[in-house]
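Trainee: The residues making up each chain are set out below.
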Amino acid sequence: PPQMRGPRSKALPDRALVNCQYSMATFSTGERKRRPHGDRKSSEMTLHLKQTFEAAILTELYPRSQIDIYVQILQADGGNYCACVNAATLAVIDAGIPMRDYVCASSAGFVEDTALADLSYVEEASGGPQAALALLPTSGQIALLQMDSRLHEDHLEAIIEAASGACRAVHAVLDRVVRDHVQEVTALLGD
Amino acid sequence: GSITTANGSALVKLGNTTVICGVKAELAAPTVDSANKGYIVPNVELPSLCSTRFRSGPPGEEAQAASQFIADVIENSQIIEKEDLCIANGKLAWVLYCDIICLDYDGNILDASAFALLAALKNVQLPSVTINEETGLSEVNLKQKNPLVIRKHPVATSFAIFDDTLLIVDPTAEEEDLATGTVTVVTDEEGRLCSVHKPGGSPLTGAKLQDCITRAITRHKEVKKLIDKVIKSIKPN
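First to last, the protein sequences are chains B and E. Everything in the first sequence is counted per UniProt numbering, starting at 1 for the first residue and increasing by one. Everything in the second sequence is counted per UniProt numbering, starting at 1 for the first residue and increasing by one.
For reference, chain B alone in the conformation it holds in the complex:
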């Protein structure tokens, strides 16, 4: 729940502050990871998560307070950022914080002229172009698109299509899970 924490000087007067922390368990990758937080990759992921959720959460409803989102990776097999975004979406919905829309994310890449969605670690490591896309499914708006490799602009369309399709599929699953959970909870409360 939103709560007042940390130095007051950081509080924004008209909006809630979204604070994210991304951490990987030491046993999550093939080689034991020595520094779970504070290294550059973690900081970059944290910043991306923060920016994505600032766009999606209705922060104007909670002025001068802070929303903390902590994500912990237990096992990493590609698509780390995307799994974090999907998990954080469900967590924010579970906390009862209003959002504009679900945020669904998926990675996509190009391997030998075929666009693939949701890459695994082996596919990511193969060195082909890859992108991560976070989408607000109902409106079709893109919250975040990140790509760090060389890609011919003709292929960009294909990759975005593949990622969007995967995001919509994820949205369907998340939506069903949320509705089932709400039904369960209201049934228990009702009795």
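Don't read these hints as lab results, they were simulated from the structure. Please read these numbers as outputs of a predicted model, since none were measured by experiment. Warning: the hint list may mix true and false statements.
Partial list, derived from the structure: chain B residues whose beta carbon lies under 8 Å from chain E [as the list claims (entries may be wrong)]:
| no. | residue |
| --- | --- |
| 1 | Ser23 |
| 2 | Phe27 |
| 3 | Ser28 |
| 4 | Thr29 |
| 5 | Thr46 |
| 6 | Leu74 |
| 7 | Gln146 |
Covered, in the sense of this in silico footprint (three residues per stretch, anywhere, with C-beta under 8 Å from a C-beta of chain B), are these stretches of chain E [said to hold, decoys possible]:
| no. | stretch |
| --- | --- |
| 8 | 20-31 |
| 9 | 85-91 |
| 10 | 186-195 |
Part of the chain B face toward chain E, derived, beta carbon under 8 Å [unchecked claim]:
| no. | residue |
| --- | --- |
| 11 | Gln21 |
| 12 | Ala25 |
| 13 | Thr26 |
| 14 | Arg32 |
| 15 | Gln75 |
Positions of the beta carbon are idealized from the N, C-alpha and C atoms, including for glycine.
Following the hints, complete the assembly by docking chain E onto the known chain B.
Mentor: Chain E in isolation, oriented as in the chain B frame:
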């Protein structure tokens, strides 16, 4: 195990308290004074996501105390003989990094961590390693895996004390906060006592403590049965 990237892993839920333990094995050279012993390095992490009482930053005292408790349990109960971890005397030995992460904190973290550790160690499959005589280098055979030899099965049972009159087994976070003290008893399968941990708190009579130990022994049998049942049900892959 639950985590395929780790050599062994276990996820334990004790009421609402959820703890995951991952064991990763690496190779290292043993120290000169214990040339035939490997190492076991436990680490308990209580990240901010498990409860609002934990801030992010360096590990707080509760995490460090829990890490030390687990290290003591491993040492005192001789769950694994360090000699078993040695591959070549003086040259190569296994180091087992046991990382215990709490995912949901609802009290009784010590019991849950101990169970997770035991279950994860039972789940560990180490690849066989041989030393090539000519080059002196180690060769790891990933296809041939052997489980660890677990000699003893220590089980921890925690109690919350209320003014020397009331004892509650397996306290939740709320009960722990209101309690005037806590006791943790670790027993092994032969009904022997491995360790008793009573960090301050209100005093307890000897009779009450004896009662705790008896209950811990009974609880040990139930927990052991559960762990054995789960381990048997895992399909080997």
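Trainee: Each of the hints needs a verdict: does it hold here or not?
Mentor: A quick look at each hint next to the structure:
1. The criterion of a C-beta within 8 Å of any C-beta in chain E is met by serine 23 of chain B, whose closest approach is roughly 6 Å, and the hint holds.
2. About 3 Å separates the beta-carbon of phenylalanine 27 of chain B from the nearest beta-carbon of chain E, less than 8 Å, and the hint is met.
3. Contact between serine 28 of chain B and chain E, as hinted, is supported at the beta carbon level, the nearest pair being about 6 Å apart and thus within 8 Å.
4. The beta carbon of threonine 29 of chain B is positioned within 8 Å of a beta carbon in chain E (closest approach about 6 Å), and the interface hint is therefore held.
5. Interface restraint check: threonine 46 of chain B against chain E, minimum CB-CB distance 11 Å, threshold 8 Å, status violated.
6. Here the hint on leucine 74 of chain B is kept, as its CB sits about 6 Å from the closest CB of chain E, short of 8 Å.
7. Taking 8 Å as the C-beta contact cut-off toward chain E, the hint placing glutamine 146 of chain B at the interface is violated, the least distance being around 24 Å.
8. Taking a C-beta to C-beta cut-off of 8 Å, the stretch 20-31 of chain E contributes 5 residues in contact with chain B, enough for the three needed, and the coverage statement holds.
9. As drawn, the stretch 85-91 of chain E meets chain B at 0 residues by the rule of a beta-carbon pair under 8 Å; below three, the given contact is violated.
10. Coverage of a stretch by a chain is defined here by at least three residues with a beta carbon nearer than 8 Å to that chain's beta carbons; for the stretch 186-195 of chain E and chain B the count is 0, and the condition is violated.
11. The interface hint given for glutamine 21 of chain B is met, as the beta carbon of that residue sits about 6 Å from the closest beta carbon of chain E, less than 8 Å.
12. Checking alanine 25 of chain B against chain E: minimum C-beta separation of about 6 Å stays under 8 Å; hint holds.
13. This hint holds: threonine 26 of chain B has a C-beta 5 Å from the nearest C-beta of chain E, less than the 8 Å allowed.
14. Nearest Cβ of chain E to the Cβ of arginine 32 of chain B: about 5 Å, under the 8 Å cut. The hint holds.
15. Annotation: glutamine 75 of chain B was flagged as interfacial toward chain E, and the flag holds, the nearest CB pair being 5 Å apart, inside 8 Å.
Of the numbered hints stated above, those contradicted by the structure are hints 5, 7, 9, 10, listed in ascending order.
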